[in-house]
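Undergrad: Sequence:
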Amino acid sequence: MIIDSRNLAGQAKEVLGKPRYPSVAGVREALAAYGFAVEKVIAAVATRSQGNAARSPRVSKALQINCDFAERIRADGGVVAEGYLRDDYGPMEEKQVDVLCARAIADEAYAVRHAASPARAIVLLSKDADLIPMFSFAHDLGVPVYAAASSTVHDRRLDHWLLLGQAALCTMTGMRGMVGHGLRDRVAEFALRRWDRHYSWTVVGTVHRSGVELVRLLHSCGVQGIASLAEFGGRAPAHGSVHALYPAGIDAGEWRRELPELALVAVPPTRPSPELTTAVVIGRIGPTRAEIRLANGVIERLEIPVDNMCIGREILVHCTRRSVRLVGGLDAPTPGASPLLTPTLVEVTGIVPGTGAAKGLLPDGSTVLVRLPRNDRGGIGSRYVAMAAGSMPDGFPLVQAISSRLVP
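Anchor point for the sequence shown: position 356 equals 337 in my numbering, and the numbering is continuous, going up by one each time.
In case anyone wonders, no lab produced these hints; they're calculated from the structure. Warning: the hint list may mix true and false statements.
Below, in silico cross-link-like pairs of lysine-lysine (DSS-like), each with a Cα-Cα straight-line distance of 30 Å or less [to be verified]: (1) K76 - K21; (2) K21 - K(-6); (3) K76 - K(-6); (4) K76 - K42; (5) K(-1) - K21; (6) K42 - K(-1); (7) K42 - K(-6); (8) K42 - K21; (9) K(-1) - K76.
Since the structure is predicted, the reported quantities are computational estimates derived from the model, not experimental observations.
Could you put together the complete structure from these sequences and hints?
TA: As structure tokens, this is what we get:
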């Protein structure tokens, strides 16, 4: 197991709402649910400074967090590969960490190939495309490398990949309480049903986007919001100060892939944001894609976290000309189902020609239809990690593969 630590922390922020590093025990437990017994954990992280970073207070703070993480990894029996942080008064940059991950892939692949390691595969916790060329080196040695991430990896031309859901990231990082799925639901509730009332929000920081300073605020329930300086008379409010503001829609974030936050205003809005509409999840059509029916009857396709896709659930979506984006759920999950679906292993027992699906057997002995990864024919005996995807018209249960074919 090789961890691109900052990349994984970024995935935690996108899915859970906060950046967090993993623990060795958490990684072992999370990957066990995917059928992997982790032999060794290597974490690449920047623990030193370079260039102007030595004089940067924000880098000093980041380095302390990184060094504490590195010590926890070592204390739990893991290995740390140490890179640098650089600060040229723009975004902080890691140096050498990608190369250290690539070097670790090469070292471990060589060890597996020459029987110096009991492992049979390498799992890389990262969705950084820069590391993909090193996969071919391991492939030439006959050692599979699985790219494991919350998104993206299944859309690349990779032989081996795993999709991580909220449950896996919570297990890896130890995050508990109101995160991810629960935060989404609270944001949806504020934006659609509680927009006509003001609430107390505490200033927790500022955000800069395209040269514009914005204020980040926090509600006592854990929901975050964004407001412009205009809502405070044009001046940045003091950190920790409390303000009465109204929910006025969704802040889509700089990269439009962050966990949604509320847009906050000082003047009461006259109606909910016109960019928000309700929808119902009608089916899973891929590892991270669902088909939904909007309130006006239009059918759309939507990116949804891999284990947050309960069929039949009412959700709130943010619609613009460019995209339709999940905000959160509006009702309880389907009766008898968890709001977070649980990964399971499935073994192919028969082929269904021309359908992209196969007959499968779950660990409890029940039979299902398995929707296979794109361009995968799924030979008999092949195993995958899968999640519930609803049922066929005749009621036969359907699951969706969220991994490539697992190593025998």
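Undergrad: Decide, hint by hint, whether the structure agrees.
TA: These are the hints, each one checked on the structure:
In summary, the hint linking K76 to K21 is supported, as the alpha carbons are separated by about 24 Å, within the 30 Å threshold. Straight-line distance between C-alpha atoms of K21 and K(-6) comes to about 25 Å, which keeps the hinted pair within the 30 Å bound. Distance restraint check for K76 and K(-6): the Cα-Cα separation of roughly 21 Å lies within the 30 Å cut-off, and the hinted pair is therefore satisfied. Under the criterion of a C-alpha separation no larger than 30 Å, the hint pairing K76 with K42 is consistent with the structure, at around 17 Å.
About 26 Å separates the Cα atoms of K(-1) and K21, which keeps this hinted pair within 30 Å; it holds. Simply put, K42 and K(-1) have alpha-carbon atoms about 17 Å apart, close enough for the 30 Å limit, and the pair holds. The suggested pairing of K42 with K(-6) holds, with an alpha-carbon distance near 18 Å, which does not exceed 30 Å. Taking the CA atoms of K42 and K21, the gap is about 29 Å. The hint holds against a cut of 30 Å.
Pair hint K(-1) plus K76 holds up; C-alpha atoms about 23 Å apart against a cutoff of 30 Å.
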